[in-house]
Amino acid sequence: AQSVTQLDSHVSVSEGTPVLLRCNYSSSYSPSLFWYVQHPNKGLQLLLKYTSAATLVKGINGFEAEFKKSETSFHLTKPSAHMSDAAEYFCVVRWGSQGNLIFGKGTKLSVKP
Amino acid sequence: DAMVIQNPRYQVTQFGKPVTLSCSQTLNHNVMYWYQQKSSQAPKLLFHYYDKDFNNEADTPDNFQSRRPNTSFCFLDIRSPGLGDAAMYLCATSARGENTEAFFGQGTRLTVV
Numbered sequence: 599a600q601s602v603t604q605l606d607s608h609v610s611v612s613e614g615t616p617v618l619l620r621c622n623y624s625s626s627y628s629p630s631l632f633w634y635v636q637h638p639n640k641g642l643q644l645l646l647k648y649t650s651a652a653t654l655v656k657g658i659n660g661f662e663a664e665f666k667k668s669e670t671s672f673h674l675t676k677p678s679a680h681m682s683d684a685a686e687y688f689c690v691v692r693w694g695s696q697g698n699l700i701f702g703k704g705t706k707l708s709v710k711p
Numbered sequence: 161d162a163m164v165i166q167n168p169r170y171q172v173t174q175f176g177k178p179v180t181l182s183c184s185q186t187l188n189h190n191v192m193y194w195y196q197q198k199s200s201q202a203p204k205l206l207f208h209y210y211d212k213d214f215n216n217e218a219d220t221p222d223n224f225q226s227r228r229p230n231t232s233f234c235f236l237d238i239r240s241p242g243l244g245d246a247a248m249y250l251c252a253t254s255a256r257g258e259n260t261e262a263f264f265g266q267g268t269r270l271t272v273v
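Quick note, the sequences are listed as chains A and B, same order.
Numbers 599 to 711, taken from my numbering, label the letters of the first sequence in order.
Numbers 161 to 273, taken from my numbering, label the letters of the second sequence in order.
Source of the hints: derived by calculation from the structure; they are not laboratory data.
Hints may contain errors.
What the hints assert, rightly or not - 30 Å max Cα-Cα, derived DSBU-like pairs, lysine-lysine:
#: 1; chain 1: A; residue 1: 667; chain 2: A; residue 2: 647
#: 2; chain 1: B; residue 1: 198; chain 2: A; residue 2: 703
#: 3; chain 1: A; residue 1: 667; chain 2: A; residue 2: 710
#: 4; chain 1: A; residue 1: 667; chain 2: B; residue 2: 177
#: 5; chain 1: A; residue 1: 706; chain 2: B; residue 2: 177
#: 6; chain 1: B; residue 1: 204; chain 2: A; residue 2: 656
#: 7; chain 1: B; residue 1: 177; chain 2: A; residue 2: 666
#: 8; chain 1: A; residue 1: 647; chain 2: B; residue 2: 177
#: 9; chain 1: A; residue 1: 706; chain 2: A; residue 2: 666
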């Protein structure tokens with residue numbers, strides 16, 4: 599079955615240090631990949647998406663993600679965390695033009711002063 | 161500027177009393193989704209519309225129904241809310257196509273008393 603796995607349920611970093619949130623997917627072919635962020639009691643906001651144009655994708659708020667087909671991964675990174683980055687992050691996958699969005703279980707990012 | 165609008169943001173309903181949540185969009189997207197999100201969990205797809213075609217997830221309880229009278233509006237009806245239905249309900253839309261992202265509303269927080 600097609601699935602997406604976020605390897606860490608909770609990541610804690612200090613302000614100003616790098617952020618790495620990991621995501622792997624299972625598929626025999628490349629899906630569309632997205633990262634969303636959700637702040638408490640809010641909807642989901644798109645950070646970035648991979649659509650096969652380039653393997654390194656830049657998103658909003660300084661986030662970027664690299665698609666690695668050989669590793670079936672799409673990890674999210676940011677060079678320097680801000681307090682405002684504290685939120686829940688979801689890796690989301692879509693297979694095919696009419697495929698539904700498949701959510702990972704989410705990673706809660708905490709940022710310490 | 162709001163593109164996917166959910167009303168109300170907070171809804172309190174009595175156990176067993178029917179409740180309707182609404183969603184509207186200004187994006188003219190073909191696809192509309194309803195997700196249920198419980199605390200510290202990923203959103204769970206309840207159903208979606210592809211134009212007028214209704215697609216119910218296999219494990220969505222019969223207690224949940226939906227209506228889409230036109231492209232812009234979609235409703236979630238909970239016929240007899242139970243305590244276990246208390247959750248955040250998220251509406252999302254997307255255009256056709258494999259690489260299209262979903263746009264989410266701010267959500268409706270449902271409390272059942």
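For each hint, the structure was consulted:
About 15 Å separates the Cα atoms of residue 667 (chain A) and residue 647 (chain A), which keeps this hinted pair within 30 Å; it holds. With a C-alpha separation of about 12 Å, the suggested pairing of residue 198 (chain B) with residue 703 (chain A) holds against the 30 Å cut-off. Between residue 667 (chain A) and residue 710 (chain A) the CA atoms are separated by roughly 33 Å; this puts the pair beyond 30 Å, and the hint is violated. At roughly 49 Å between alpha-carbon atoms, residue 667 (chain A) and residue 177 (chain B) are farther apart than 30 Å, so this suggested pair is violated.
A C-alpha spacing of about 34 Å is found between residue 706 (chain A) and residue 177 (chain B), which places the hinted pair above 30 Å, so the restraint is violated. At roughly 27 Å between alpha-carbon atoms, residue 204 (chain B) and residue 656 (chain A) fall within 30 Å of each other, so this suggested pair holds. Straight-line distance between C-alpha atoms of residue 177 (chain B) and residue 666 (chain A) comes to about 49 Å, which puts the hinted pair past the 30 Å bound. For the hint linking residue 647 (chain A) to residue 177 (chain B), the alpha-carbon distance of about 40 Å lies beyond 30 Å, and the restraint is violated.
Simply put, residue 706 (chain A) and residue 666 (chain A) have alpha-carbon atoms about 23 Å apart, close enough for the 30 Å limit, and the pair holds.
Figure legend: structure checked against the earlier numbered hints; hints not met, in rising order: 3, 4, 5, 7 and 8.
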